[in-house]
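Got chain A; can you put chain B on it based on the hints?
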Amino acid sequence: MEFRLRNYITENQSHALPRLRADAHPLSPPPQPLAQVNVVVDGGNADFFDPLRGGIDNDAKATPRDPESLSEVSSDQPMKEWTSFRRLLMQRFPVSKMVSLSSMPDVLMRSGKSHDKSSTSMHLEELDDPQKFADEGVKVITWQEYVSRLHELKDEITRSWLGDDRVTSLKLSIKVTKLMVDTSVSEFYPTLFVLVTDIMDMLGDLVWKRIKQKAEFTENGASLCNLAENFEASDICADAKETCYNWFSKIGAVQDLLPRIYLELAILPCWRFLLDRPTDSLQRLVMMTRGLGDPVASAYCRLYMAHCAQKLPSHDIGYLVTCVNDLRVIVTQILAANESTVGNFKNNKKMQISLMEPTIEYIMKCLFSGLSQRRVNEVLSELGLMKNQQNLGTVSCVSIVLHHLLKEIPIEVISSNVVHILHLIEFNKDNSFDQHLNYRLLGFRLYERKCPVDIVNAVLDKVMQVISLYVNLDEFLSVVDAYADLILQNHMDNHLDIILRGISERASNGGVTVNEMSSLQSLLVKILSHFECLEDVFCLNHFPEILDVMHGKSQDVVFLHILNMATRNGPIRDPTSIQLLSEISQTLHDNMEFMNVKDDDSQVARSVSRFVHMVDYGTEMERHLAFLVDCRATFGRFNELKETLVHSSNSLAIQSLKCAKKDLSFFKSCVTFSEVTIPSISGQRQFDLFLETAEVAFLGGLVSHVDGLISSGIDCLHDRVDGFRTPADVEGLVSSIRKLCGFLIMVPGNISLPVTYFPNNLITLISSQSWFDPKMRTQIFSAILLLLTTLSQKILPYHANAQIPGNDMLYYGDSSYKKELVSLSKVVLDNLLCAIQQETSQVARGSMALEACNCVASSFLLSNELSSICHTLIGTAKSCLSAQDRCLQSTIQLVNKQLPTFAGVEVSNSV
Amino acid sequence: MSVHLKLSRPNRIYRPSELLEGKVIVETQSSISHYGIRLTIKGSVNLQVRGGSAGVVESFYGVIKPIPIVKRTVEVKSSGKIGSGTTEIPFSLNLRQDENLEKFYETFHGADISIQYLVTVDISRGYLHKSLSATTEFIIQSDKGDLLQRPLSPEMVIFYITQDTQRHPLLPELKSGGFRVTGKICTQCSLSSPINGELTVVASAVAIQSIDIQLFRVESILHGEKIVTETSLIQTTQIADGDVCRKLVLPIYVILPRLLTCPTIFAGPFSIEFKVAIVISFQSELSKLHKKSDSRTPRLWLAMETLPLELVRTI
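Heads up: the protein sequence lines correspond to chains A and B, in order. With the first letter of the first sequence counted as 1, position 778 gets the number 778 in our numbering; the numbers rise by one all the way through. With the first letter of the second sequence counted as 1, position 239 gets the number 239 in our numbering; the numbers rise by one all the way through.
Isolated chain A, as found in the complex (with noise of 0.2 Å):
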């Protein structure tokens, strides 16, 4: 067995690749192909739904709809709007176990179960004399029982339907209804609401649909005609009418109010059979719904008449102004007596606005939507906000109502009237709805977009007037977070020191609950992102102070804030920033062990090991590496942490190399920094650390520090084994290791150590940890059988520098160290082979015994035995790859080049 010879730089000068200008960027975007993907992409998965791409294929899938269904009646939008909303309104209120009722209305009783319960007896008495019966007290029934039912009913409805009868469906459909009179069931009447509703809205289809039948086909089932969408009432035919008429003076039959309202409103849309204009109905349905003397009864019908409305093809929003006042009117009333009472009956009235809330804020909505700002102008005034602007003081509007109002309402609107809105927002003070709320919301709106510099000063004098006579800071809070970013934008620093001498006033007399601490927290990030530069937010006056009263998560939140901004641009400096931000990384340290989720951890461990790597103390050298030191120490329990502090380390210890006056004991104490900082860290990086610094070492010349950690290296792979579970670790290493052998070239050996030392210890080690599988084996036994190579070679064809003397000076013409290289060259020659017939995988084998092939045919001379372990590496490659790859040829090629003429056998070509 003998080395080939190689000449380093004609090989290299012979395989570089000729060197050509390129035209256009390799990372520039392909121009044209796209389109032709989006085609493949379209045809191969159309079930998929791009919402970038939705427009145009939604509209496309919209039109085929079933023409039948009634819900269509006008566009989608609203009945989307409607469905979110009522799954909105289900979950707002929690609701207990059990629902108590005012009296048990006997549809809620399942016909089996009221007979057990009652005897006969009961029967006679409850029919003497019914309200008696259910009177007695207040009755309960679990949630589930009463959804459950009202389940039931729903079937029950559309079974008598399809069976012809009705009647009963529709006697049915009272009963249910009649069950939203008892708002004595509170938390659940919402519930209650969404699912009557949903059976109405199911009649209203059913009856729309008879009704259209009868309309388009005769009773035999001949076409009479095909209504359009937008029919009148004159294409309807007699019979259809009559039908319909029918349906209304059933429904006017029904005796109770409540009933009556939610049945005409559910089939509200059959007016149109009869009526072409069929909005008068809605006016006079609203002011039928004022006979409803619950307010929260009353505020859900008209909640269930503004969504049925919209199933009209267009209608006018009078009802809807109607609605507003009337609801005003009725909250009112409830705070008025909210005064005159006392105790448990204000928490119901409390618990009566809530319930009221959301249909406010759905009527609202639909009040607003799409109005041209000329017509809002003539809603508010018709909801008697706009009358008289010379005497605002008397315009009453309930703040709950406003609060809604200002929801909705286009931002032009709010600013061109904004004087006015603030006189509504201070007079409008009740208990409905806290004022400062509103204030809040106002701040939010005007931030929509940009408001003229007049309008914002005046809102903002008006503003901070009112906030500075509040003593509460969640209030004052809750209020100067809305407008912080009107103040940042507008660079009203006299405002910005106001609210922050206001809050710092405010906090220092009572402290900071969590719910302050959340509104704290999102004003001072606003304020934080606002500024470019550390410096001046710290500039700030009382900036400090409110700093220094933040704890918890909030305080972790602006922390990791500040942090970030710091180390956003540039290195980092000044020492008193370095000072701070230590302070500030240390806190978040430490509040580590409260944050329990995982991804919050990483990313305080990567902000405080960026701010680590910013921090550049120029050419005070120690200084750095004292500051390493102590980061080592403070912050233990950052491992990402402990690899930033070696790579820093390492280097500042090429900066002092490159400085003027060499401070070889320096360089040695950030060597030696690294060394002892690299076993503490855990996983697998810690050989790519223990390489790297062994690299820097090696280029101050500490030749004895880098045997050493060499060797801590390869022996921190014989422990670290459930680092590397992902392939790309394992490749991570491969290459890692491959490097090693790179850098070996380059190592002296050490006259104390044999010559071969490195690469034994890593063939030992291969061999003795079962993890490293065939594919690794084959990989690093080829680095290193090349690496023997390179070192038998006369001249190296790399060196250090001129100081480090390479092995071919050193072992120059030494014969045993050729030897030795040599027999090592044989096991490794071995382990290789035996680690080829290990592979399982056919593709994976080939290429293996491809790669050995190569290694071998360019290491060696070819003798006789090596060209018969070509030959069987080829044959290995033939039977698992594809006579066509290409490296197989090539490798094939190489073969034949390098083998001696002598030899006379070639390799064939043909498989």
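No lab work stands behind these hints: they were computed from the structure. Here the structure is a predicted model, which means the values were calculated and not measured. Incorrect hints may appear among the rest.
[Claimed, not checked] Subject to a maximum C-alpha distance of 30 Å in a straight line, what follows is the list of computed DSSO-like cross-link-like pairs (lysine-lysine):
| # | chain 1 | residue 1 | chain 2 | residue 2 |
| --- | --- | --- | --- | --- |
| 1 | B | Lys275 | A | Lys178 |
| 2 | A | Lys209 | B | Lys81 |
| 3 | A | Lys429 | B | Lys247 |
| 4 | B | Lys184 | B | Lys130 |
| 5 | A | Lys897 | A | Lys819 |
[As the list claims (entries may be wrong)] The calculated label-pair distances, taken between Cβ atoms and stated as ranges, are:
| # | chain 1 | residue 1 | chain 2 | residue 2 | range |
| --- | --- | --- | --- | --- | --- |
| 6 | A | Ala238 | B | Lys65 | 30 to 40 Å |
| 7 | A | Ser372 | B | His168 | 34 to 44 Å |
| 8 | B | His168 | A | Glu232 | 48 to 58 Å |
| 9 | B | Pro68 | A | Met79 | 34 to 44 Å |
Glycine is no exception: its CB is placed at the ideal position from the N, C-alpha and C atoms.
Just chain B now, with coordinates in the frame of chain A:
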């Protein structure tokens, strides 16, 4: 073997000047022969007098001879055979004959007075077989020509209901606290449109339980020397449920029930009139013990106002 009648209009409403059209439908397993198919239309006012409210002695109780309006028989098919399976025989006949100017009152189903029109088919099959027959009711609405020529008065009657307008005893708290409900309501009303009006609770010290509009019919029959009058509730429509806001206008909107109402009639032997009552129930412990009842039995917690209502047929 069965026979039934099917009229041309599903709602079975016809005017006296119109043709009554339809089909006689015979279903039979085997063919049958007959001696003619005849249709009979018969309209009459049926009256009965009951004791009770009129305070008449028991012996008065009983059915009074009905007042005939129309009775006519027409042969739609002379004797012949009907094949097996389903056979449809169309018919069409005049309701009003020129020479005969009887008054076609509108169909009405009341408690003591009922105005009814029937059409009957008879298929006589000789003495050996039972003749086949079927009867169905059709509904008469006045002719356009007979309608009230003057326009309906759009005026409404204004009403006030206070503790002082009540002629029956009231709860002490109602008497002392006082209440005032005002409004207006139309008292001449077309049968095809609702009773319209409005109502406002101006003030009430006691909370309101409910406000209802009650519709009554007043049927009077001349029985010998006496006029026997019976008033009955035909429909209650709630317009306020619970203690409504004061000073808000509530609409009165009552759709008149079909068949149970007809144009107000003042005929010689009988009359049919209507009344409307606005009934306010106040919340009280006492009212919980009693079922809802009509306003004819005045209760301590009720206040009401009753107004005559003239119903007319318009186009």
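Results of checking the hints against the structure:
1. Restraint check for Lys275/B and Lys178/A: the C-alpha separation of about 28 Å stays at or below 30 Å, so the hint holds.
2. For the given pair, Lys209/A sits about 43 Å from Lys81/B by alpha-carbon distance, which is inconsistent with the 30 Å threshold.
3. This hinted pair checks out: Lys429/A and Lys247/B have alpha carbons roughly 24 Å apart, not beyond 30 Å.
4. Taking the CA atoms of Lys184/B and Lys130/B, the gap is about 61 Å. The hint is violated against a cut of 30 Å.
5. Using a Cα cut-off of 30 Å, the hinted pair Lys897/A and Lys819/A holds, with the two alpha carbons roughly 27 Å apart.
6. A hinted range of 30 to 40 Å for the beta carbons of Ala238/A and Lys65/B is consistent with their spacing of about 38 Å.
7. The supplied range of 34 to 44 Å is broken by Ser372/A and His168/B, whose beta-carbon atoms lie about 57 Å from each other.
8. At about 52 Å, the beta-carbon gap between His168/B and Glu232/A stays in the expected band of 48 to 58 Å.
9. Judged by the Cβ atoms, the range 34 to 44 Å given for Pro68/B and Met79/A is violated: they are separated by roughly 59 Å.
Hints 2, 4, 7 and 9, counting from the list given before, are not met by this structure.
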